[in-house]
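> Here are the chains, one letter per residue:
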Amino acid sequence: MNFEEHAAKPLLQAAGIAIPRGQLARSASEAEAAAAALGVPVVVKAQVPTGKRGKSGGIRAADDPRAAREAASAILGMEIAGHRVASVLVEERVQIATEYYAAVLNDAVSKGPLVMVSSDGGIDVEEIAASKPDRPRQAPVDILQGFDLAAARAMLGGLGLGSDEEPLAETLVALYRAYRDNDAELLEVNPLARLADGRLVALDCKFVLDDSGIQRRRDLASTGSPETLTTLEARGHNLGLRYIELDGDIGVFANGAGLTMTTMDVIAHHGGRPANFLEIGGAAYTKARPALELVLDNPKVNCLLVNFCGAFARTDVMTAGLLDAWEALKPTIPVFFSVRGTGSAEAQAMLRERLGVTPFETMDLAIVAAIGAARDARATQ
Amino acid sequence: MIVRGGERVLVQGITGKQGTYWTERMQAYGTRIVAGVNPKKAGTRHCGVPVYASASDAMRETGFDVSVLFIPPLGVKAAAQDAIEAGCARLVVLTEHVPVQDVMELLAMARANSAAIVGPNTAGLVTPGECFVGFMPAFEADVFRPGRVGVISRSGSLGTLICLNLAQAGFGQSAFIGIGGDPIVGTTTRDALQVLDADERTDAVVVIGEIGGTMEEDAAEYARDMAKPVVAFIAGAASPPDKKMGHAGAIVMGDKGTYASKRTALETAGVAVLDTPSEVGRAVRVALG
Chain P
7 MNFEEHAAKP LLQAAGIAIP RGQLARSASE AEAAAAALGV PVVVKAQVPT
57 GKRGKSGGIR AADDPRAARE AASAILGMEI AGHRVASVLV EERVQIATEY
107 YAAVLNDAVS KGPLVMVSSD GGIDVEEIAA SKPDRPRQAP VDILQGFDLA
157 AARAMLGGLG LGSDEEPLAE TLVALYRAYR DNDAELLEVN PLARLADGRL
207 VALDCKFVLD DSGIQRRRDL ASTGSPETLT TLEARGHNLG LRYIELDGDI
257 GVFANGAGLT MTTMDVIAHH GGRPANFLEI GGAAYTKARP ALELVLDNPK
307 VNCLLVNFCG AFARTDVMTA GLLDAWEALK PTIPVFFSVR GTGSAEAQAM
357 LRERLGVTPF ETMDLAIVAA IGAARDARAT Q
Chain A
116 MIVRGGERVL VQGITGKQGT YWTERMQAYG TRIVAGVNPK KAGTRHCGVP
166 VYASASDAMR ETGFDVSVLF IPPLGVKAAA QDAIEAGCAR LVVLTEHVPV
216 QDVMELLAMA RANSAAIVGP NTAGLVTPGE CFVGFMPAFE ADVFRPGRVG
266 VISRSGSLGT LICLNLAQAG FGQSAFIGIG GDPIVGTTTR DALQVLDADE
316 RTDAVVVIGE IGGTMEEDAA EYARDMAKPV VAFIAGAASP PDKKMGHAGA
366 IVMGDKGTYA SKRTALETAG VAVLDTPSEV GRAVRVALG
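So the protein sequences, as listed, match chains P and A. Residues 7 to 387 in this note's numbering are what the first sequence spells out, letter by letter. Residues 116 to 404 in this note's numbering are what the second sequence spells out, letter by letter.
Please keep in mind that the hints were generated in silico from the structure rather than gathered at the bench. Any given hint could be a false lead.
In silico EDC-like links for lysine to aspartate or glutamate, alpha-carbon gap of 20 Å or less [to be verified]:
1) Lys58(P) <-> Asp357(A)
2) Lys212(P) <-> Glu85(P)
3) Lys359(A) <-> Glu85(P)
4) Lys359(A) <-> Asp217(P)
5) Lys192(A) <-> Asp172(A)
6) Lys132(A) <-> Glu211(A)
Listed next, the stretches of chain A that the computed footprint assigns to chain P, with coverage defined by at least 3 CB atoms under 8 Å from CB atoms of chain P [to be verified]:
7) 221 to 232
8) 253 to 259
9) 311 to 320
10) 341 to 354
11) 375 to 388
For glycine and all other residues, C-beta sits at the position ideal for the given N, C-alpha and C.
Okay, chain P solo, but in the shape it has when bound (with noise of 0.2 Å):
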């Protein structure tokens, strides 16, 4: 889950690194009052669950409350990746000498954390990745270990950062901190600012909850923004279901992840489009009905296949569930079945029987079919 700069910044903070003083604005009066309370000259900056907001025109300076009242009206509204900006974030403007960039992020490769620091702070980190292959500084972790002042000081020797070695080694043993305290998957500071008055201070804060770590932080999660989704995805969602919209016109109704994902493969291997990412499998399937119906509002889909391989979940329950859904929802679109493993000879006889149709005998069968049905469609509209 991945949340604003003003919900991430109170983490570092409560770790003990210093951020600007600021406030939250969500009308252009509320900025204009907020840089007044400040009383110093401040940027406005927009709330957005991503980065590059400064490249999109997001982020503003004004030395003024009034100039605050004009930046904020000209951001909020605003439309980045895909965000539509509801918020501004006022803080005070600081006198930056130095930038600097921190993150503590999980790292699949050595399995545990990594602390990554550079002195070329305040662009994209991909960016000094690929300019300077030295850069950023990284150092595994491990997580039985810790990371402590003297691992932080041994990551920073040989920069020549002189005076402000000790505070940014003091700085990555809080962030690690934070990082571990808030069950992060990603914890990052971009600029970390050296101020011309010697403090070191983040400006900026990127914070990805793990997903996983949803179930016990419930109380930070709720200060986080929820994925961005389509008004169908929501309800699926609501229903506890993993749908994804796509943007073709063959609706996927399948269990498990993998096979799910396989089969828009498939379908996409032979020339279709798939309409949706939907996995039934597992306990899902006993929300059959809501689930079909989920895929059948979707008003570009012009047929259904329905994949099933049985692992643990039996494909006759599966089937049953779906016929019960079929038949309440009486759609009129045509539907391609392949049902295979546990419970396949079951759930062939019941798809016989009760909506007379016979599975074929691959995925790719199946699929061929449903391409053709959907190719039909789109003809004779």
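Fit chain A to the given chain P structure using the hints.
Just chain A, lined up with the frame of chain P:
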């Protein structure tokens, strides 16, 4: 990791609904379940075996070679620690949605104690004709039968389909290794490939990967120098970027974890990459000459 028929298996969480259901099925298939763990039901018997308060107690009383965990997400770290501290050298962690930092901790504990972990978020292991550990339907004769093809999979459902297609083409399996669908897993594709490469009962390997992470690229490096043929299918070619496709690990971020990167790496290493799982039987036949 391959579990052999005579090896002793401990079930942590044996008294739960899933634990009970799958323990009975594992026993019926021939898996040698020797004990279970549930601190609240220590001293009782369940599914015909003694239940202990901890894995350490089980190790002392009956001994065991492998532990399988039917434990809810937030209990997995402690249960795994219990098994590792008891001296268990191989753990199968089935649970989905274990917090990733917990996974990293339990993998570090395993490393420090030279224990191997399969999973989390896996359907488990099958050695057809001998035993299974987890919840793959090993007892389905259409899907699993003894043979000489090793299968490695990040997905249970897709693994089932591939094994079904192999069986239909006349190929049984030497072992099915479900490595799990999480972004960080104990046994990687490469680790499993190494095990099957060394396994005398395996003549060829089918790798079932998916988008996200770099495990397939890493496995390709190993496959390049293997004498045994390797065939692969990678799920997710048609998946949109930045969306988690059901499995927590199946997500393309930026240019990391793409289908193209995995396919190129595998093909460069001489691995036949399939467009559809239906081709697997033919591809294995061709690969074996």
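> Hint by hint, say whether it matches the structure.
Status of the hints after comparison with the structure:
no.: 1; hint: Lys58(P) <-> Asp357(A); result: holds, 16 Å
no.: 2; hint: Lys212(P) <-> Glu85(P); result: holds, 19 Å
no.: 3; hint: Lys359(A) <-> Glu85(P); result: violated, 23 Å
no.: 4; hint: Lys359(A) <-> Asp217(P); result: holds, 11 Å
no.: 5; hint: Lys192(A) <-> Asp172(A); result: holds, 18 Å
no.: 6; hint: Lys132(A) <-> Glu211(A); result: holds, 16 Å
no.: 7; hint: 221 to 232; result: holds (count 4)
no.: 8; hint: 253 to 259; result: holds (count 3)
no.: 9; hint: 311 to 320; result: violated (count 0)
no.: 10; hint: 341 to 354; result: holds (count 6)
no.: 11; hint: 375 to 388; result: violated (count 0)
Checked against the numbered hints given earlier, the structure breaks hints 3, 9 and 11 and satisfies all the rest.
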